[in-house]
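**Q** Okay, here's what each chain looks like letter by letter:
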Amino acid sequence: MMSYHNNGLKSTKKITLLSILAASAIVINYFESMLPNLAPGVKLGLSNGIIVVTLSLFGLWEALLITLIRSVTAPLLSGNPMGIAFSLPAGICSTLIMAILFKYDNKHFSTPGISAAGAITHNLVQLSMASIMYGTFGLFTTYLPIMMFSGLLTGVFIGIMSFILVNRIKKLFV
Amino acid sequence: MRIKGVYYNNSYFKKGDIFIYTFALLLIISALIYSSAYASGKTNMTVVIEDDKGEIASYQIKGLNKEIEYTYEGENGEFCRIIIDSDGVFIEDANCPNRLCVSWGKITKPGETILCLPHRIIVRIIGEGGVDDVVS
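Chains A and B, in that order, are what the protein sequence lines are. Position 160 of the first sequence, counted from 1, bears residue number 159 in numbering that gives the first Met the number 0, the numbering being contiguous throughout. Position 117 of the second sequence, counted from 1, bears residue number 116 in numbering that gives the first Met the number 0, the numbering being contiguous throughout.
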């Protein structure tokens, strides 16, 4: 049998699936920005689930591509181009951390745990970017507890959701 | 045709997750300890309002017997109404798109900060005095 890619997925199907994932990441991000804010930095982070799905189905480079597309498009869609300065580094760092954890040992980390690590990284990098841009360390002590806590909760929740989604997509393509 | 998946897990919890959750909880706890240590013993609290060019206003909180209303007005019609009273400061109204600063509520302890990202406004409480003044 001929193998096409590292995961045996035919090119056309791969492109289609990747573009569906990219499109849903953008749309989910956009709808999420319409939800009322509970507190600064507290977000459901549903589009992080798409990154987790891409990561577990394809791998690092595909996930980075989706991250890039989402992090650049989402702030532009919500009319806040300055947001790229926050979303791009945060997105890339969280994708890298999740890829390392997946690759390093997926015997020892579960998808919800990895997703939580991604969410925490995302929030930490966003806080660091804001602190660098505004030159105040006070941001850390004020915002870190609630951002970490919410990142932990939503990360685990998103992880469970994407775990289910990954298994559904796999069944769909059997 | 079958997707095997590059990385595959088959459970909702594994031992390594404990490290991730512990790391996050340690970060939360250390931030809380740091902020309470910073705030303790600071009796003279000053509210400082800054924009991207620097400080634009500052008010002593101690002995304040009425509310102070400070309205920031930017060049392009942006505004930010900041209320300072005897125990803290909060942003009452602003015309930024996400209004995170308004939803953050009141800050009361030294070291706490409210940030308005779209308008680039920082409101923070600076603490001075107290017993450990010499040390710090």
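A couple of the hints might just be wrong.
What the hints assert, rightly or not - Chain A side only, calculated, beta carbon under 7 Å to chain B, not exhaustive:
(1) 64
(2) 67
(3) 108
(4) 137
(5) 143
Said to hold, decoys possible - Some chain B residues close to chain A (C-beta under 8 Å, calculated; not the full set):
(6) 13
(7) 14
(8) 19
(9) 27
(10) 37
(11) 40
(12) 97
(13) 103
(14) 111
(15) 114
Hints listed in this document are in silico derivations from the structure and should not be mistaken for laboratory results. Owing to the predicted nature of the structure, the values given are computational and were not obtained by experimental measurement. All C-beta atoms, glycine included, are put in the ideal place defined by N, C-alpha and C.
**Q** All hints are to be evaluated individually against the structure, with a verdict given for each.
**A** Right, here's what the structure says about each hint:
1. 64: violated (14 Å)
2. 67: Constraint on residue 67(A) not satisfied, violated at 19 Å.
3. 108: Holds, because the Cβ-Cβ distance from residue 108(A) to chain B comes to roughly 4 Å (cut-off 7 Å).
4. 137: The hint holds - residue 137(A) has a Cβ within 7 Å of chain B, the shortest such distance being about 4 Å.
5. 143: Since the shortest Cβ distance to chain B is 4 Å, the answer is holds.
6. 13: With a closest approach of 4 Å, the residue 13(B) hint holds.
7. 14: holds (6 Å)
8. 19: holds (5 Å)
9. 27: For residue 27(B), the interface hint holds, since the closest Cβ of chain A sits about 5 Å away, which is under 8 Å.
10. 37: holds (7 Å)
11. 40: With a minimum Cβ separation of about 16 Å from chain A (threshold 8 Å), the hint on residue 40(B) is violated.
12. 97: holds (6 Å)
13. 103: holds (6 Å)
14. 111: At about 5 Å, which falls below the 8 Å cut-off, the nearest Cβ of chain A leaves the hint on residue 111(B) intact, so it holds.
15. 114: holds (6 Å)
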